[in-house]
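> Residue strings, one per chain:
Number of protein chains: 2
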Amino acid sequence: MKTIILSTLVASSLMASSMVKTAVEAGLAPIPASQSELLKLIDNPKNPITDAKVELGKMLYFEPRLSKSGLISCNTCHNLAEGGDDGVSAAIGHKWTANPHHLNSPTVYNSVFFSAQFWDGRDPNLEKQAQGPIQAHPEMAATTDHVEKTVNSMPEYVRAFKKAYGADVTITFEKVADTIATFERTLVTPSRFDEYMNGCEKAMSKEELEGMKTFIDKGCATCHNGVGMGGSMNMFPVMGQFKHANVGDFKGDANGMVKVPTLRNITQTAPYFHNGTVWSLAETIKIMGETQLGIKISDKEAAQIETFLGALEGEKPAITLPMLPASTAKTPQPQMN
Amino acid sequence: MKTIILSTLVASSLMASSMVKTAVEAGLAPIPASQSELLKLIDNPKNPITDAKVELGKMLYFEPRLSKSGLISCNTCHNLAEGGDDGVSAAIGHKWTANPHHLNSPTVYNSVFFSAQFWDGRDPNLEKQAQGPIQAHPEMAATTDHVEKTVNSMPEYVRAFKKAYGADVTITFEKVADTIATFERTLVTPSRFDEYMNGCEKAMSKEELEGMKTFIDKGCATCHNGVGMGGSMNMFPVMGQFKHANVGDFKGDANGMVKVPTLRNITQTAPYFHNGTVWSLAETIKIMGETQLGIKISDKEAAQIETFLGALEGEKPAITLPMLPASTAKTPQPQMN
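Line by line, the protein sequences are chains A and B.
The numbering of the first sequence is our numbering, which starts it at 92 and goes up by one.
The numbering of the second sequence is our numbering, which starts it at 92 and goes up by one.
Be aware that one or more of the hints could be misleading.
As the list claims (entries may be wrong) - To give a feel for the contact side, a few chain B residues facing chain A, derived at Cβ under 8 Å: (1) Phe153; (2) Leu162; (3) Glu173; (4) Gly178; (5) Ala207; (6) Thr358; (7) Ser371; (8) Ile410; (9) Thr411; (10) Met427.
Because the hints were derived from the structure by calculation, they are not lab data.
Just so we're clear, the structure is a prediction, and the values are computed from it rather than from any experiment.
In this text, a Cβ means the ideal position worked out from N, Cα and C, and glycines have one as well.
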C-alpha cells in the first residue's frame, strides 16, 4: 500500500514538473508571484501606477455621471462583480442600444496583459481604450466636454486629481481615461494555474493537468498564450466557417484579424465569441477546434480542456465600493435622449 | 481675552444642550450610538438579521441576473456609491423605460427607519418593498419564476441560502426579497447630527445648530422627524400648489398622502420631490415652505437650513463588492425585450 502511494506521488511529481516545462514551451506563462515582477508587467511608465491614481480611477470606473444619461459607468458593461463583463450577448448602452456590430463586452480583468484592446485590436493600451466607450453613442454617449465639466464640477474630484497628479493638474478627458486605465491595470486575478506554474505542484489537480496537456496537444496555446492567455491578434476563422458568423457584421480588422480573448476566468464570462452567440464553454471549445485548428475535438477532450480552464479562475482583488461625491449646480444634468 | 473665550464656550455649551432638548421636543431623534439599541430599531423579528443573510442579501442586491435583461440590479437605481439612488429625475429601467408616473428613485440608505415604503406608502416594510421593483415591467421586469430559476441554477447561491436559512430551505421569490431586505436593513448612516444628539456637542458647528433651529422654528420637523427624518405619510401639497405638479400623474395614495422623504444624505440625492423636478436643495426648501407650511422661507433661512442638512450626511457602511457566481446551463438567459 505504501509503495503504491509512494509511486503515485513520484509519478505525479514527475508529471507536474514536466508539465511546467511543456506549458512554458507551449508559450503559457503565469502571473508572477513577485509583486515587483508583476508591477513590471502591468505598469505604464508614461502613466505610472500610484495609490492615489488607483483610488481615483476606481471612483471614475464606477461613476455613471461620466455618461450622458448619468446611468452608465464602465462597471455597467465590465461589471467587476460578474467576472468583469455583463453576461449578455451584445453590449447594451445608452437608450438600451445594442452594440451595432453585435459585439460582446470582453472582461476587464487581466486586460492589462493584452497587446491590443477592442475586438479589432485598434487601441494599444488601456489608457487609449478607456476613451472609446465613454464617447461611443451606443455605450456611454458622452462628449469630452461633458466628462470634463462633470468631473471639474465636483470639488472632491478636483482634490483627488490634485492629490494624484499635483496641484497644477488640468482635468482633461484624457486624464480621466488615463486614471480609469490605471485602476484597470491593477485588476489582475492570480489563479491556481499561476500557483502551479510558479512552483506549487499541488495547486492543480490531476484532472486539470490532464486538461492542460490536452489543451496544449490540440494546439489551443498557439493563440491562447502568454500571461494573458490571449490578448494578441489572430485570424478568425482560420480553418472553417464559424456557424454564427452571420450574427452582427464584425469581420475583424482590415486584415481579418481578431483579438484573442483571454481564457482567464473564462468559466465566468459566458456568452462566448465576439458576438456572444454561444453559451456553453464545451461547445465553444469544440467550435474553436473546427474554426481555428481544423480538428475535431471530442466531447471527452472538450470536457478535459474545460476542467483545465477552471484552474484559470482567479482571485479577484477586493473592491471596496467607492462613495462618489454629490453633484453640484455645475454638474451637467443627465440627458436620456 | 480668556474671559471672552470662556463665556463663548459657556454660551455655546448652553446653546448646545438646549438645542438637543428643543430638537427632541420637535420630534427629531438620532440613530442610537449603541449597537444593541440600533438593532432593536432595524431588525425584523420575522426575518432576523444574521451575518449569513446580510452577505447573501448583498450579493442579491448587486445581482443583475435577477432582472429579465440580466442588466439591472437593485443597485442600478439605488446605487450605494451614489447616495443610495440614481441621480436622475425619473427612474429608468427595462428597455430604457422611464417610470410611467415619472417617479424618482428614493435612497435606500436609512429606509429601514421608514414606517411606509414607496411614494404612496403601499408597503409596510423592506421585505415587501423588495418584491416590487424586481417584478415591475419598467424596472427589472422579472417574473417570480425567472428569479427562482436564476437563483436555484447557481450552486453557490443554493449553498449560501442553506447557510443562511438551514439545509431544508426552499429558495422562493419571497425568500430572495426577504434576504435583500435584510441587507438593506443594515444600510444606516450615522451622521454628525446623530453624534450631536447623542451627546457630542462639538459634532455640529454653530452654523449647523443655527440651521437646525431655523429648521425647527419654521416647522419642517412637523413631517421630517423621527430617526428617519421622514419616512411617514403626510399630505402633499398642504397649503399651496406645487409648481411642478404636472410632471407625471402621481397624486399620492387614495387619500392624497405621500411618503415624506428622509432628509438623511439629502445633500447627496438630488434631484428632489417625488417627480425629481428640482435640482437645487435651497429651492426645494423654499418650495416646501410654500406648499407644506404656507410660509415664505427667505434665501438666508433656506441657506441656514441647507447648512443644517449637511450635518445629516452620514457615514456609509463599507461595502466590499460581492463576487457573483457564474451562470450555468440552467440559468435563464437574458432577454432584452
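> Would you mind marking each hint as holding or not holding in the structure?
These are the hints, each one checked on the structure:
no., hint, in the structure
1, Phe153, "holds (5 Å)"
2, Leu162, "holds (6 Å)"
3, Glu173, "holds (5 Å)"
4, Gly178, "holds (5 Å)"
5, Ala207, "violated (26 Å)"
6, Thr358, "holds (6 Å)"
7, Ser371, "holds (7 Å)"
8, Ile410, "holds (4 Å)"
9, Thr411, "holds (6 Å)"
10, Met427, "holds (7 Å)"
Violated hint: 5 only; the structure is consistent with all others.
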